[in-house]
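Student: Read off the chains here:
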Amino acid sequence: MIDPTMFGDFPKADPVPRGCGEREPGGVYAESGLSPWGRPLEEFLIDPPLPLPDGLDLVNKPQVWQRVLPSGEPALDEQGQPIYDLLIWIGAEFYPYCPDYLEEVRRYGASRRLNPNLDLSLLSRASRMILAHPRVINTLWHEQEPPQRCGKHVPGHALLPIEEAEMDEEAGDEDEWEQEEEALPAPASQSTPANVRALHTGPCLFKTWELIPQEAAETTITLDGEERLLCLRAIGSTTYQYRPTGEEASGLMPGLFAALPLTGFALIRFADGSVNERAKEKILAGMEAHGAAAAPFYESDR
Amino acid sequence: MTQTFSRVLTADVQAREQSDALLLKRLGVESLPAHETLYVALERLIIPGVQMIERQAKQLVKSIERVGILQAPAVMLVQGSDIHDPDATFEVIAGRRRVLAARLAGLEVIKCEAYQASTSQLASLITLIENEQRSSAWVKEVEALRKLIDERVGMTLDDLATFGFHRAQLSERLKIAQLPVPLVERVLAGEISRETARKLIRLTRAQQEQIAGLAAQGEDITVDVVKHALRAQIDAGFVPMQAQLAQAWSIAPPPSPALSPVPARAAPANMPPENDHAVPQAASALMQLIADLRRFEQSDEYRTVPAAVRSLTTALSQQVQVCLRTPPSSSSTPQELKGVNP
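Residue numbers (the working numbering), protein chains in the order written: chain A, 1 to 302; chain B, 1 to 342.
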């Protein structure tokens, strides 16, 4: 019999109100928690975002899916057991823009409610939460400006590599008065150097921040020496910034955008202190089966 | 194809009679009680659980306004000497949505199958029979849509939706009707279940043609055959993602000029090796935020915003700077997720 406490402290998601609301009593949540020993969120992002496989019916139906290697063989964990992933749809009704969700994860970790009927015993710490959003693949990328930055440094995605973009901004402060003389923004086709355009690849996930319309912001701020507005958008407990370009966002299509590590489960208590026992049994069965690689769980009031 | 349809219809009726007889036997009832088709005033009909079906009933109103109720609901006498009693009242036991929709459409009288007997067992039985009958109704819808396609009737889903059809359901039926002919024939012959048909329409056309080839050779198209094909198709669709993730996790990120000021940290033994690019990325994002906050504090707009906003900005700016100064080993860095072995 496995001891559920053997895993000690493990990364957990913050139980804050989220874009999709607060966690509900009796709910079972898959988590990708935060940790001081973790890796940057960018490492788990899929950039460019990829189309959903044909025939995958994912909308509002989280699924457990056996991972298969490109060779067609089942992927196995260190103990030789098949790895199962969670496929999850992030709905636009709660997260109209993909960055809404990513910024929330960046601050508080990921927490997604699961159908307790899923076979949770198949999931382990080798599992990933594979996320899809209805508006994440920018099909108009080749007609638009490259994003200011690409957090994954994909060659050709961004106007400038991130470090250069930052250095360029800092340098810009010094000759501010010179820029003011040519304050009128250049048309998109002229504002990007030809050699950058020629190398432009895509679509870049990080462009989705720039495609959020200004109207979606809670606060807009005009900064001296900046052509673009600084916009602050609030969703759930998250407030984040973006700089809209005003470009067309109608080209955004559904796609896969992240594969987060599953760090554990949260079982939210009912008012009487109990949890969803059926789900707990499955998680415990998974702990028996996966041993040290099992996904741990905890019980919480929220 | 037309010949197949008529053969299917006959087979369908026979199958239905057999299933009804089986159902009666299972429930220990010899035969159905006497009933009569009557026109009954809607005010004499009691609809149990109205609140639960209101939304669905509203979807039927349009079609009932246009073409009436095509299948008479079943009602059972609850008060009165017999079903012909002018003061008799009836409870609806099958077709509650239709009756409610008729009421919402403003009809006064509808045609019903009125049952004299009044036992709860009978009510349950008739409800079950109706459901049993309706379970094959989807095949008829597919058949009807296929006819519309074959006869090149230029109707769109929007046209059909104006009759009050459930759009998603209709779209599904239409996709089934558009499957390759050998598969549609199997559907109409009742040899492919609804569950299997739903999976078939998720396959690409090429996959459907492949399975249609098997059907044409006389092979059974079981749910397992279709599931296997669908699974393989989806797995193939995940290959680019698996490849991208494997590549991302096997290549170290490029060095960053922001690396040096941030102290290195030691990870616990049970944690994967730390990616030393993590800290500079978090730090550079924080520095960017501070720079933005400072510019805001220097802007004209800043002087016009409420004092609370100015305070908030200052507090935020200071807090971020504190975070930047704090050695990462003593506090959680919010930009990081715990790593896994890819």
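No lab work stands behind these hints, which were simulated from the structure alone.
Where is the CB? At the ideal position from N, CA and C, for every residue including glycine.
Among the hints, a few may not be true.
Okay, derived cross-link-like pairs now, DSSO-like style, lysine-lysine, Cα gap no bigger than 30 Å in a straight line [unchecked claim]:
| # | chain 1 | residue 1 | chain 2 | residue 2 |
| --- | --- | --- | --- | --- |
| 1 | B | Lys58 | B | Lys147 |
| 2 | B | Lys111 | A | Lys61 |
| 3 | A | Lys280 | B | Lys147 |
| 4 | B | Lys111 | B | Lys199 |
| 5 | A | Lys280 | B | Lys140 |
| 6 | A | Lys61 | B | Lys147 |
Partial list, derived from the structure: chain A residues whose beta carbon lies under 10 Å from chain B [as the list claims (entries may be wrong)]:
| # | residue |
| --- | --- |
| 7 | Glu42 |
| 8 | Asp47 |
| 9 | Gly55 |
| 10 | Asn60 |
| 11 | Val64 |
| 12 | Gln81 |
| 13 | Ile221 |
| 14 | Glu227 |
| 15 | Leu230 |
| 16 | Ala259 |
| 17 | Leu267 |
| 18 | Arg269 |
| 19 | Glu281 |
Student: Take the hints in turn and mark each one as holding or not.
Tutor: Taking the hints in turn, this is what the structure says about them:
no.: 1; hint: B:Lys58 to B:Lys147; in the structure: 28 Å, holds
no.: 2; hint: B:Lys111 to A:Lys61; in the structure: 41 Å, violated
no.: 3; hint: A:Lys280 to B:Lys147; in the structure: 51 Å, violated
no.: 4; hint: B:Lys111 to B:Lys199; in the structure: 38 Å, violated
no.: 5; hint: A:Lys280 to B:Lys140; in the structure: 44 Å, violated
no.: 6; hint: A:Lys61 to B:Lys147; in the structure: 33 Å, violated
no.: 7; hint: Glu42; in the structure: 7 Å, holds
no.: 8; hint: Asp47; in the structure: 8 Å, holds
no.: 9; hint: Gly55; in the structure: 4 Å, holds
no.: 10; hint: Asn60; in the structure: 13 Å, violated
no.: 11; hint: Val64; in the structure: 13 Å, violated
no.: 12; hint: Gln81; in the structure: 14 Å, violated
no.: 13; hint: Ile221; in the structure: 5 Å, holds
no.: 14; hint: Glu227; in the structure: 13 Å, violated
no.: 15; hint: Leu230; in the structure: 6 Å, holds
no.: 16; hint: Ala259; in the structure: 6 Å, holds
no.: 17; hint: Leu267; in the structure: 19 Å, violated
no.: 18; hint: Arg269; in the structure: 24 Å, violated
no.: 19; hint: Glu281; in the structure: 25 Å, violated
When each numbered hint is compared with the structure, violations occur for hints 2, 3, 4, 5, 6, 10, 11, 12, 14, 17, 18 and 19.
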